[in-house]
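**Q** Listed below are the residues making up each chain.
There are 2 protein chains.
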Amino acid sequence: MEKMKVTPWETKGDIDYKKLIKEFGVVPLKELPGIFNKDILFRRKFVFAARDIGQIITRIRDKKPFCVMTGLMPTGKFHIGHALVLRQVLFYQKLGATVYIAVADIEAHNARDQSLEESKKIAIEEYLSNYVAMGLDLKKTEVYFQSNRSKDSKKSNAYYRLQNLFSKHSTFNEVKGVYGEITPGKLMAALLQASDMYHPQLKEFEGKPIPTVIPVGIDQDPHIRLARDIARRFNKKLIPISSSYHLFLPGLKGDKMSASDPNSYIAFTDTPNQVKNKINKYAFSGGQKTTEEHKKTGGNPDVDVSFQYLKLFEEDDSRLSEIYEKYKSGKILTGELKKIAIEKINSYLKPIQNKYPESLKKVKTFFD
Amino acid sequence: MEKMKVTPWETKGDIDYKKLIKEFGVVPLKELPGIFNKDILFRRKFVFAARDIGQIITRIRDKKPFCVMTGLMPTGKFHIGHALVLRQVLFYQKLGATVYIAVADIEAHNARDQSLEESKKIAIEEYLSNYVAMGLDLKKTEVYFQSNRSKDSKKSNAYYRLQNLFSKHSTFNEVKGVYGEITPGKLMAALLQASDMYHPQLKEFEGKPIPTVIPVGIDQDPHIRLARDIARRFNKKLIPISSSYHLFLPGLKGDKMSASDPNSYIAFTDTPNQVKNKINKYAFSGGQKTTEEHKKTGGNPDVDVSFQYLKLFEEDDSRLSEIYEKYKSGKILTGELKKIAIEKINSYLKPIQNKYPESLKKVKTFFD
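If you read the protein sequences in the order shown, they are chains A and B.
The numbering of the first sequence is numbering that gives the first Met the number 0, which starts it at 0 and goes up by one.
The numbering of the second sequence is numbering that gives the first Met the number 0, which starts it at 0 and goes up by one.
I should point out that these hints are in silico values taken from the structure, not numbers from a laboratory.
You may find that some hints are simply not true.
To be verified - Covered stretches of chain B (chain A as the covering partner; in silico rule of three or more C-beta atoms under 8 Å from a C-beta of chain A): (1) 95-109; (2) 157-167; (3) 176-186.
Even glycine gets a Cβ: it sits at the ideal position worked out from N, Cα and C.
Based on the sequences and whatever the hints tell you, model everything.
**A** And the structure:
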């Protein structure tokens, strides 16, 4: 078993979530209000830990304003791993949250040497259009590029001012702690990210400090901590950001999804046939080596990648439970489980893909 | 003789300008067009060196657009030492330059722990109102606060974007070379200063790269070099900034003007009586110890502070020359020289002080 390593710039080994919760000092999610548990992300513990989530729950209960903030790195393809964050965003938006989405084009430029033009293209075509196709309501969302905050100069000035003022309240060492070796470019991107997380609370945006929740993978918690530390030193009036942490969705082969390996993920642009081939060819199986053995001893759904994906796409608990039991007892073979997963994934992707062309138009209009 | 040390954060010892020119690699100003020599700043070598000044001279000759850019640190009192920069700015403005003035409130916050509110008050009351009273035409000037660039969002976004993109093209070591020990706050201020110097060239401002001259004290040359280096790496299309360097005007006691010692400078708010008392009491004299000795051997106008100030305020060359000769030959006593200087300084300050209340109104209106 490979030693676990989880940092914002590297994740390897077998992930021990209990250990991560302890190391990072986040709180495991236990008893959530019913409204959370209606969503499979929470009910099935895809979202398993949080910081300061109580203030968000209170806001939802009292029907008071709150924000959800997320950023996207405009590189590679939008895939089902990324969708975990967006599904949380949509969950909060339906409960009344104002949504802020930052396209991290400055970070892509400073840390990955990608031009602003390339970032804009990828952000619109790969990410934002799929967000809208998945149900994001642009009218209730502030989507922006880090390099071009707003058409309202008061907003732009306030956003970059916060970045500049935050810098005084940070240290090189704490930024290094999150990013490893830093450069001036990476430092700037880190401070801009802190402004991304906190600027909704400024008077130019929500009018006053307001609880804001940021859904992220657990590996991103150091970024959350850094922003919370800087903001606390800067101004006691800012409300510490809340965050909720989701699991890593395993890659097809059972290890990590990797942008550089298209056979490690299902992209939102994959055709039904591509989905079928990827699952059949690559999806790591919890089944036995022979049909005979499988029927006798049963499969292991807890390590089976097709089953992990099904957990995200099969909404019906009793149906999911039935599949779990049947696979475990050997009544369903790996080929059959894969077939169920393929169908579920394709029926999830189909309406999104159908809406994509119209969504692309909407997003392009939004930025014109 | 104390060893010379000239850096952006410390100046001490006797200044050897020839050595500075050589060390910093700037070019001594020799044959300037007549239009420059009409101004005593150039004619009397207050402005004594430059970088890339040729492109500015060409622009003036061809009556083509160019910019002059300056920044102000909103701390302390506006005094006659500061006026050297503004008089250059006014000189270029009269020749057709578009003026950019940055109030360095982010730098005052990050490097000197001064609030943005305090910076705004000092900038308006001490600096900008005096600039206008001295003749600055606000209609042909873009004055802005670093924390609040513009009411035009395209301009604001472009200005802060340049700061963020510049960061990728800088290194910690070169910034340390200019600022000594750095912090994230100081680094941000350095990058914002580079954007101050170069952003007039963006399409959102002057429409295209355009020669820009920045008048500074020779001790500030490392800032100019840093901005030139970053900009060259960032984009070959930007035109390297030009700069012109002025001498240090000596403090009343013959050493440095110091913000912390009001008796080291003449402030623009000093009353005629204060000017008289300061000159009489503190101005370092090049005269002899006794009247008898002075009449016999004469004074030294080259080290006499009253005479140095007269060089800045007595426009008439022959009158200045006459005073020089008479003081040197002992025909004028120190008390008489001081009296001439007091009268000249007061008659320079009087119309500016008279215009001040109206100028203050104009500046306040400008920012409303």
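**Q** If a hint holds in the structure, say so; if it doesn't, say that too.
**A** Hint-by-hint comparison with the structure:
Coverage of a stretch by a chain is defined here by at least three residues with a beta carbon nearer than 8 Å to that chain's beta carbons; for the stretch 95-109 of chain B and chain A the count is 3, and the condition holds. Only when three residues or more bring their CB closer than 8 Å to a CB of chain A does the claim for the stretch 157-167 of chain B stand; here the count is 7, and the claim holds. A stretch counts as covered by a chain when three or more of its residues have a beta carbon under 8 Å from one of that chain; for the stretch 176-186 of chain B and chain A the count is 4, and the coverage holds.
In the structure shown, no violation is registered for any of the earlier numbered hints.
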